[in-house]
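Colleague: Given these sequences and hints, build the entire structure.
Quick note on numbering: our numbering labels position 150 of the sequence shown as 150, and the sequence is numbered without any gaps.
Don't take every hint at face value.
Computed beta-carbon distance windows for the label pairs [to be verified]:
id, residue 1, residue 2, range
1, 101, 21, 53 to 63 Å
2, 151, 24, 37 to 47 Å
3, 101, 36, 16 to 26 Å
4, 84, 166, 17 to 27 Å
5, 37, 59, 36 to 46 Å
6, 102, 10, 32 to 42 Å
7, 40, 178, 31 to 41 Å
8, 42, 148, 28 to 38 Å
9, 177, 59, 36 to 46 Å
10, 30, 173, 30 to 40 Å
11, 61, 168, 53 to 63 Å
Derived lysine-lysine pairs resembling DSBU-like cross-links, with alpha carbons at most 30 Å apart [unchecked claim]:
id, residue 1, residue 2
12, 117, 22
13, 110, 155
14, 22, 155
15, 183, 118
Simulated from the structure, these hints should not be mistaken for laboratory data. Every residue gets a Cβ at the ideal spot worked out from N, C-alpha and C, and that includes glycine.
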Amino acid sequence: MARDFSTDPSLIQKEVEQNLAKGFPEAYLDVVRHADLSSLTWAPLMLRAPWSIVAGPMQRGSVTVAGDAMHPMTPDLGQGGCSALEDAVVLARSIGPALIAGGLERCCAKEVEEGMKKYVGERRWRVAGLVTGSYVSGWVQQGGSGSGLGGWFVKWFRDHVFYRFLSTRIASAVNYDCGGLPKLE
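Modeller: So, in structure tokens, the structure goes:
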């Protein structure tokens, strides 16, 4: 059984050098070899199933989730941080009017709860699409190197379906304007 290296920085360094970066130019391997071991961590990529985002609970009363808590995704579209910033704008726009109108002292939980519902409703489909697009992009880019029927299918899907029909639509998702913030008067 393989030893768990996820909590031992020296084993993380060894795994990267001997397996993950095997065959990399010497300059890259030097960076790995001279890394500050106290800064090395290992964590798995997280993914939330798109159907869980669309149909699952994202809010309870005046409490909701945002960023990676709402939509962890693979890095293949580079939209994780950007979508968290979108969350912040949409959340501020959704609960901002209640806070502006009543102030923190007079704002009632019901108004905040309604704002949270609005926020979740606006974000569900957008982030489910990003999670799906990111996962599919990574799957077709990395999955075509396998052998056998599975590898052949991924290559066929990538070359005949993904690049022809889906990649431009997925890529267009990164050019998104989530709107502005409420005006202060």
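Colleague: Confirm or reject each hint.
Modeller: Consistency of the hints with the structure:
A hinted range of 53 to 63 Å holds for the C-beta pair residue 101 and residue 21, which are about 55 Å apart. Range check, residue 151 to residue 24: Cβ separation about 24 Å, and the 37 to 47 Å hint is violated. About 50 Å separates the C-beta atoms of residue 101 and residue 36, a value inconsistent with the hinted range of 16 to 26 Å. In this structure the supplied range 17 to 27 Å holds for residue 84 paired with residue 166, their Cβ-Cβ distance being about 24 Å.
In this structure the hint that residue 37 and residue 59 lie 36 to 46 Å apart at CB holds, the actual value being about 41 Å. At about 55 Å, the CB distance of residue 102 to residue 10 disagrees with the hint of 32 to 42 Å. In this structure, residue 40 and residue 178 meet the distance hint of 31 to 41 Å, their C-beta atoms being roughly 35 Å apart. Between residue 42 and residue 148, the C-beta spacing of about 30 Å keeps the proposed range 28 to 38 Å intact.
The hinted range of 36 to 46 Å is not satisfied by residue 177 and residue 59, whose Cβ atoms lie roughly 24 Å apart. With their beta carbons about 38 Å apart, residue 30 and residue 173 fall inside the hinted range of 30 to 40 Å. Checked against the given bound of 53 to 63 Å, the beta carbons of residue 61 and residue 168, roughly 41 Å apart, lie outside it. A C-alpha spacing of about 49 Å is found between residue 117 and residue 22, which places the hinted pair above 30 Å, so the restraint is violated.
Of the supplied pair hints, the one linking residue 110 and residue 155 is violated, its CA atoms being roughly 52 Å apart against a limit of 30 Å. Only pairs whose Cα atoms come within 30 Å are accepted, and residue 22 paired with residue 155 is accepted, the gap being roughly 25 Å. Proximity of residue 183 to residue 118 is assessed by CA-CA distance (about 18 Å); at most 30 Å being required, the pair is judged to hold.
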